[in-house]
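Q: Listed here are the chains, written in short residue letters.
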Amino acid sequence: MASEHLVKSFDEELEKLNAWISEMGGLAEAQLRMALDAIGRRDTELAQRVISGDARVDRLEKDVAQQVVRLLALRQPMAIDLRAIVSALKISSDIERIADYAANLAKRSLVLSQMQPMRSTGGIERLGRLVLELLKDTFDSFANSDIEKARAVWLRDEEVDDMYTSMFRELLTYMMEDPRNITPCTHLLFMAKNIERIGDHATNIAELIHFKVTGKEMAEERPKGDRANYAKVEAV
Amino acid sequence: MTDMRTATAAASAPPLSMTDAVPKIRGRGVGVFYGAKQALFDVDLDIMRNQVTALIGPSGCGKSTFLRCINRMNDVIDVCRVTGEILLDDENIYDPKVDVVQLRAKVGMVFQKPNPFPKSIYENVAYGPRIHGLARTKEELDEIVQSSLKRAGLIKEVHDRLDQPGTGLSGGQQQRLCIARAIAVSPEVILMDEPCSALDPIATATIEELIDELRQNFTIVIVTHSMQQAARVSQRTAFFHLGNIVEVGDTEQIFTNPREERTQAYITGRFG
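These protein sequence lines are chains A and B, in that order. Per the working numbering, the very first residue in the first sequence carries number 1; after that it's consecutive. Per the working numbering, the very first residue in the second sequence carries number 237; after that it's consecutive.
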């Protein structure tokens, strides 16, 4: 990162903005982790905590937006500062969506815990842990302006897509095996999709970190592994 | 009331992409010495036709010195010596054969502080065309005065008091009068040395809008301390530091993603 501004209060304001983003990132990561624990342990109390915890992330997103407008109006930032401020705004809305998905996972876990346990729940957890790892790397790369790490996250989204596509097929198969599976499997399908979307937001953030640091878009096309849109399972 | 057209209109004229740009002025290895002290070192800079080029940099960086080389204003300083060459349409303006008076008719200048002559509004504008013999009759001269005031966006405000002293106008109006005076001799290039630094924001916006209109017909070089102004009015920006040119490029690129660390430090307020 560049050296300090002549006007110290500008540095303080930028640091505050970064601190809020880091806090949001930490919260979203914790929300996802707790949601996954709630799913695995069928822990309704924990799920409730995740649901109510979402408000804090929403609040921070509003604070970030306010601070960004303020900085744009009062500091008229240029170059790296402008990119940092604009990307903070976009990153905060990505994180807010991530936390929404975590809350949605928690809500669905409440429904699932009232039903018979499903084998696929384990798959959801595995997918979730992979995305959790990506999220952690994303926020680490934000904190350290580490574009190599951001790039690695961006590339690893393919793994998430692959895992999601295979879950999709698996759940379709269960539903065809026994129509009583349809309700829990539909919930699991939505959960898998939510987690896959969290991965997409993580790659968005990785792209924004790259833009913030270098001023350039991530060059090449990212490999797309999500083929669930086209997946179908032949009738047995 | 001043015309409230704001600087947003400055973005309305179609931006010339770098591929269309043709150099009007080419500075090659320009050096300037004030006595033994060197103020400018080996500057290469192209100024594109029908574009606004902004020169930015901290005080003493050489931006005004370079600007003043373009119409040989530095000639009036005894101890000043210029090396290298500045080509205006392929002609070296430092060639001994060049008539400096003719050069300054081609390359007009507007200064930081509005400096109308202590004469009427009409005479302020008529002065240049008269000494350069651009009008044969009174009617032709009237026509030049009228059209220059119109192009400078001042005619509506002064049409009924052309005989009043130019010094009686507001600061912003005086500056537009100086612009009218500069364009009355049909220059090809207009140099502006911080033309808005003595003006309020509304008068500044009016001048910025005017600059954007003028570039259809003129090539403009502006020195400004306001980075926001450089960003608003120019298509190309050159950053000077310690008598050297550090970076020159499309204004958008300079202010969003400068290549040089020093440019970034300066435009983001991290200098020193």
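No lab work stands behind these hints, which were simulated from the structure alone. Treat the hints with care, since some could be wrong.
[Stated by the list, open to error] Every beta carbon over 10 Å from chain A, so not counted as near; a handful from chain B, in silico:
1) M309
2) N328
3) I329
4) M463
5) F491
6) G505
[Said to hold, decoys possible] With the Cβ distance kept under 7 Å, some of the chain B side facing chain A (calculated, not the full set):
7) Q338
8) H461
9) P494
10) R495
Ideal Cβ positions, reconstructed from N, Cα and C, are used throughout, including at glycine.
Q: Over 10 Å from every CB of chain A: does B:N328 meet that, or does the non-interface label fail?
A: Consistent with the label, B:N328 stays out of reach of chain A, its closest Cβ about 36 Å off (over 10 Å).
Q: Take the shortest C-beta to C-beta distance between B:R495 and chain A; is it under 7 Å?
A: violated, 9 Å
Q: Is the nearest Cβ of chain A still more than 10 Å from the Cβ of B:I329?
A: holds, 33 Å
Q: Against chain A, does B:M463 keep a CB gap of more than 10 Å to every residue?
A: Given that some Cβ of chain A is not farther than 10 Å from that of B:M463, nearest at about 6 Å, it is violated.
Q: Beyond 10 Å from every chain A Cβ: check whether that's true for B:G505.
A: violated, 5 Å
Q: Any Cβ of chain A at or closer than 10 Å to B:M309, or is the non-interface label fine?
A: The claim stands: B:M309 keeps its Cβ more than 10 Å from every Cβ of chain A (closest is about 30 Å).
Q: With chain A as the partner, please determine if B:P494 meets the hint condition of a C-beta pair closer than 7 Å.
A: holds, 6 Å
Q: Quick check on B:Q338 please, does its C-beta sit within 7 Å of some C-beta on chain A?
A: violated, 40 Å
Q: So B:F491 supposedly isn't at the interface. Is its beta-carbon more than 10 Å from every beta-carbon in chain A?
A: violated, 5 Å
Q: B:H461 was flagged as interface toward chain A. Is the shortest Cβ-Cβ separation under 7 Å?
A: Since chain A brings no Cβ nearer than about 14 Å to B:H461, farther than 7 Å, the hint is violated.
The structure does not agree with the numbered hints 4, 5, 6, 7, 8 and 10 stated previously, though it agrees with the rest.
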